[in-house]
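J.: With the hints as constraints, model all of the structure from the sequences given.
Letter by letter, the chains look like this.
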Amino acid sequence: MRHSFLALAAAAVACSVVAAATPVATHADNGPTEVVVGAVLPLTGEESTVGTYYKAAYELATKEINDHGGVELRTYGRKIPVKLIIYDDKTDAATSRNLYERLAVQDHVDAMLGGYSTDLVQAQTVVPNQHQIPYVGGGGAASAIYKRGFKTIFSLLASIENLAYTECDFIEEMQAAKKLPKPLRMAVVFENTPHGQDFARGLAQRAKAKPQSFQIVMNEAFDLHGKDFTPLLQKVKATNANAFMADAHLDDYITMQRQYTQAGMHHAYITYGARGPDKKGRDALGKSADYIVAASWWNQAIPNAAVKAFDDKWAKAYPKLNTEWYSALPYETARTLYIALTETGSVDKAKLVETLRHIDIRDTVLPGGHIKFPADGQIEAPFVVTENLPDGKTVIVYPHAEKTGEAVLPVPGS
Amino acid sequence: MARNGAFAAIAIAALVAVPFVAPHAEYALDVLFLIFLYGAMATAWNLVGGFAGQVSFGHAAFLGIGAYATAIMTQNGISLWISVPVSALLAGAYSLVIGIPAFRLRGPYFSIATIGIGEATRLIARNWSSLTGGVSGLTLSSAPPLLLQYFAALALLVAAVGLAAWIRASRFGYALAAVRQDTDAAETLGVATTVAKTQALFLSACILGVAGSVYALHYLFVSPDSVFGFSTSIALVIMPIIGGLGTVTGPLIGAVIYTFIREQLAATLANVDLLAFGVLLIAIVVFEPRGILGIADRIRRMRKPPAVTVPDG
Amino acid sequence: MSYGLALIYGVLKIINLANAGFLMLGAYVTWWLFTAYHVDPLLAPLVIIPVFFLIGVGLERTLVRRVLGSEPIISLLLLFGVWLVLQNLAYVIWTGDTRSIENSFIESTVKLGGLQLSIPRLYVFAMGVLSLIALQLFLTRTYLGRAIRATAQDRDAARLVGVDVDRVMGIAFGIGIALAGFGGSLLSLLFSFTPDFGRVLSLKSFCIVVLGGLDSIVGVAFGSVALAIAEAFGVRYMPASMQDLISFVVLVVVLVALPKGIVGTLRSLRRG
Chain A
1 MRHSFLALAA AAVACSVVAA ATPVATHADN GPTEVVVGAV LPLTGEESTV GTYYKAAYEL
61 ATKEINDHGG VELRTYGRKI PVKLIIYDDK TDAATSRNLY ERLAVQDHVD AMLGGYSTDL
121 VQAQTVVPNQ HQIPYVGGGG AASAIYKRGF KTIFSLLASI ENLAYTECDF IEEMQAAKKL
181 PKPLRMAVVF ENTPHGQDFA RGLAQRAKAK PQSFQIVMNE AFDLHGKDFT PLLQKVKATN
241 ANAFMADAHL DDYITMQRQY TQAGMHHAYI TYGARGPDKK GRDALGKSAD YIVAASWWNQ
301 AIPNAAVKAF DDKWAKAYPK LNTEWYSALP YETARTLYIA LTETGSVDKA KLVETLRHID
361 IRDTVLPGGH IKFPADGQIE APFVVTENLP DGKTVIVYPH AEKTGEAVLP VPGS
Chain B
1 MARNGAFAAI AIAALVAVPF VAPHAEYALD VLFLIFLYGA MATAWNLVGG FAGQVSFGHA
61 AFLGIGAYAT AIMTQNGISL WISVPVSALL AGAYSLVIGI PAFRLRGPYF SIATIGIGEA
121 TRLIARNWSS LTGGVSGLTL SSAPPLLLQY FAALALLVAA VGLAAWIRAS RFGYALAAVR
181 QDTDAAETLG VATTVAKTQA LFLSACILGV AGSVYALHYL FVSPDSVFGF STSIALVIMP
241 IIGGLGTVTG PLIGAVIYTF IREQLAATLA NVDLLAFGVL LIAIVVFEPR GILGIADRIR
301 RMRKPPAVTV PDG
Chain C
1 MSYGLALIYG VLKIINLANA GFLMLGAYVT WWLFTAYHVD PLLAPLVIIP VFFLIGVGLE
61 RTLVRRVLGS EPIISLLLLF GVWLVLQNLA YVIWTGDTRS IENSFIESTV KLGGLQLSIP
121 RLYVFAMGVL SLIALQLFLT RTYLGRAIRA TAQDRDAARL VGVDVDRVMG IAFGIGIALA
181 GFGGSLLSLL FSFTPDFGRV LSLKSFCIVV LGGLDSIVGV AFGSVALAIA EAFGVRYMPA
241 SMQDLISFVV LVVVLVALPK GIVGTLRSLR RG
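These protein sequence lines are chains A, B and C, in that order. Per the numbering used here: the first sequence = residues 1 to 414. Per the numbering used here: the second sequence = residues 1 to 313. Per the numbering used here: the third sequence = residues 1 to 272.
Note that these hints are calculated values from the structure, not bench results. Warning: the hint list may mix true and false statements.
Said to hold, decoys possible - Examples of chain A residues lying across from chain C (beta carbon under 10 Å, computed):
#, residue
1, L43
2, T44
3, G45
4, E46
5, S48
6, K90
7, H225
8, K227
9, I254
10, T255
11, R258
12, A284
Unchecked claim - Here are some chain A residues pointing at chain B (derived, C-beta under 8 Å):
#, residue
13, P81
14, A93
15, A94
16, Q106
Unchecked claim - Pairs of lysine to aspartate or glutamate residues, derived as EDC-like cross-links and limited to a Cα-Cα distance of at most 20 Å, are as follows:
#, chain 1, residue 1, chain 2, residue 2
17, A, K208, A, E220
18, A, K349, B, E26
19, A, K208, A, E173
20, A, K227, C, D196
21, A, K227, B, D225
Where is the CB? At the ideal position from N, CA and C, for every residue including glycine.
T.: Pasting the structure below:
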């Protein structure tokens with residue numbers, strides 16, 4: 001014991017000396033040599049599909065700005081290149097939080113770009129809040145994330161509660177056109193996270209406000225990243241609902257829909273929140289993905305010139321990747337940060353936060369055409385509703401400005 | 001023993017000085033903080049796993065209770081001075097609830113039961129959403145200043161190691177060692193084995209409860225998978241084994257190694273750190289179950305001719 | 001897979017935590033053979049069973065044997081270390097992305113008397129029953145099988161009657177590991193998986209083994225049925241996500257209240 005105590009004492013003294021010798025970070029007076037921006041994304045693990053798209057999008061936006069010499073910061077009178085650091089959190093919330101801390105404390109980032117998805121964003125945002133670093137994200141949609149009074153967090157992803165309302169608006173339109181029964185008896189299942197809770201809450205509010213249109217006959221939460229949803233689906237089957245309203249992330253959506261089909265289930269209306277039109281899901285599910293309705297933050301088929309231009313740009317840069325909402329959203333997120341930096345004119349964090357608070361970007365591919373953040377930091381942009389049609393086709397069915405085709409409802413064969 | 005005390009005092013003084021001589025080295029303070037915290041946690045586990053020989057794979061349960069209790073109380077505006085001790089006591093209470101039935105089991109059965117208990121606790125936390133926030137966990141808005149955290153963790157470590165040293169030399173410590181060697185024999189000799197085990201578990205749980213509070217206030221994020229997770233329980237087992245099971249300073253040595261490896265490999269290849277620990281664990285179990293301290297002891301004995309060697313540790 | 005555990009425990013008196021690792025590995029090897037070499041997942045066990053058997057024997061000879069003499073906790077820790085290595089090796093090689101096997105067989109269903117049954121599930125169930133029968137036959141009818149049982153009952157006595165105890169222990173371990181791999185391969189047909197796959201299932205199988213009483217194969221079968229019933233029952237009254245919780249609670253309760261398992265307790269009641 002004596003020797004080990006001696007060893008520890010020596011180690012402790014050594015620590016002291018080493019720590020004292022660490023140089024203090026200094027800033028050159030005419031500005032930094034580069035603007036350091038950091039993000040932590042799920043590049044492996046359950047959300048890796050979307051995570052890799054986010055990385056590609058962030059890199060594309062960064063490359064574009066660096067190709068022009070960097071961000072123009074008038075305080076220093078020149079353009080400064082951006083250094084983008086991306087870590088992999090393996091779809092684990094605690095890891096995500098820790099890596100954001102690393103970005104703050106070790107890499108000394110000037111600003112942060114957000115991660116994906118709700119769970120990870122909720123955990124990771126404690127870091128930019130604590131260190132008061134501006135954080136612009138496009139990957140956390142649950143409204144609860146933004147109700148904590150964190151002042152430096154901004155999101156381009158509109159809330160899931162609004163997603164639910166949009167779908168309900170669409171359903172009412174379908175009911176008026178006699179394509180869906182009125183009232184619609186909904187079996188609601190949702191992931192046991194703020195994301196899912198937003199969805200359930202939205203539907204519940206609407207059902208309370210318009211009971212002649214919507215009735216909720218089942219309302220149950222399930223665990224994220226589950227392996228077996230058959231007991232849950234059996235319960236759904238027993239309710240004899242005519243609509244199956246689920247809120248899940250991509251991997252759970254694939255598992256659940258596969259098991260739904262295996263169980264021989266049918267409903268007049270099926271939705272998985274924002275999941276459905278993306279190619280990965282359609283490839284994995286084949287025919288089981290047909291007729292699924294989804295409300296999304298963006299779709300490549302939106303009929304306007306800016307969207308088409310982005311679609312082309314993405315296809316050219318990444319011929320192997322599709323153009324999904326998770327290409328456009330992170331791209332716009334990074335762009336927003338760079339625009340805000342230019343407007344601020346320096347890397348002063350407090351000033352950057354102020355700029356973001358008042359920013360109003362009009363040239364964007366997002367539906368609604370505006371990037372503007374209300375007091376809690378989460379954008380209030382509209383959604384587009386899509387339906388999957390056979391043979392891999394997708395149509396935008398709502399709202400009218402973005403419509404590209406008619407909805408096929410009720411789901412044939414139900 | 002006095003020499004030990006002197007060395008310990010030097011170590012503590014040096015560590016206390018760090019924030020004053022290097023106030024800008026935020027990263028170094030962070031790392032030291034982690035070492036203190038893990039060291040305290042490992043030492044706490046060692047009271048039950050090393051001293052009493054009851055290897056538990058579910059100890060994260062106590063850490064988690066402490067973390068959640070403090071997180072919930074802080075969210076409701078309760079001051080630290082109240083929430084931390086309450087968290088410790090809650091963890092201790094939980095240890096009594098599960099300890100009394102669990103200690104009816106021996107050896108490997110006990111260990112397996114602890115896996116079940118740890119997992120069950122995690123699942124309860126996951127599902128009791130109204131209290132714990134479910135899968136997504138809880139976040140806190142602000143942390144106490146780093147300096148305060150640093151000293152709190154250091155104080156906890158010193159308390160834990162001090163307690164371990166005191167127990168080791170006390171009658172209680174002998175009772176635990178007897179339980180470890182052969183529970184039945186100890187019973188016949190009049191040692192109240194279950195009482196001893198339960199006391200050790202209670203102390204262990206309380207320390208972990210405080211550690212949980214410190215954890216929650218530092219990370220500002222608790223979730224069932226992060227605090228109640230199996231990987232956390234694994235860490236609590238690995239550290240003392242690497243350093244030296246059943247010794248006073250072993251767990252701390254293990255904690256130092258653990259922290260360094262994790263920090264170095266954190267941002268790089270997926271899970272290489274845990275892989276390394278697995279290999280290390282196998283190597284230690286097969287070749288030198290007494291861990292690093294055991295290896296150090298062996299080296300020392302090879303140098304000195306064995307006169308009267310009292311096993312050190 | 002529980003049979004494998006029971007076997008290893010019975011013969012070696014070791015609790016094999018690494019089973020989870022081999023289960024997971026079985027699933028991954030099946031997936032890998034399917035995606036890289038287009039091997040039909042139903043045929044994968046033909047490769048997996050012998051290879052895993054050899055790995056098991058090798059593992060026993062090199063590592064497990066060394067710790068047989070020490071406290072049981074040491075072997076527990078050793079196999080735990082093996083599991084850690086396997087799991088994290090899988091993370092490094094295959095990353096934590098969810099994997100699954102998708103082909104027409106997986107999707108197929110059949111209608112039987114009004115119920116839509118999934119064919120893969122029926123297949124796995126049938127395989128489970130077949131392997132149970134095969135194992136029972138092996139243990140009772142073959143020389144090797146009886147040698148294993150003898151070693152499980154009393155190692156020294158077995159030695160005295162001429163059983164090569166060392167070889168038997170290696171073989172028993174090998175069989176246990178092979179069964180784990182086989183189980184993993186079957187499960188890959190039903191579920192998607194990540195390297196963390198084996199953990200909950202492994203704990204459930206401990207539960208089963210303990211329920212049934214660690215020393216009997218029949219007990220294990222009984223235990224699986226009991227646990228399945230308990231889970232199905234529980235799901236009606238509590239959210240589906242609590243499913244796993246039931247097994248753990250049962251595990252702890254049974255360990256504490258009925259240390260000999262249900263079968264063992266019944267036996268001793270009958271005796272005295």
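J.: Tell me the numbers of any earlier hints that the structure contravenes, in ascending order.
T.: 13
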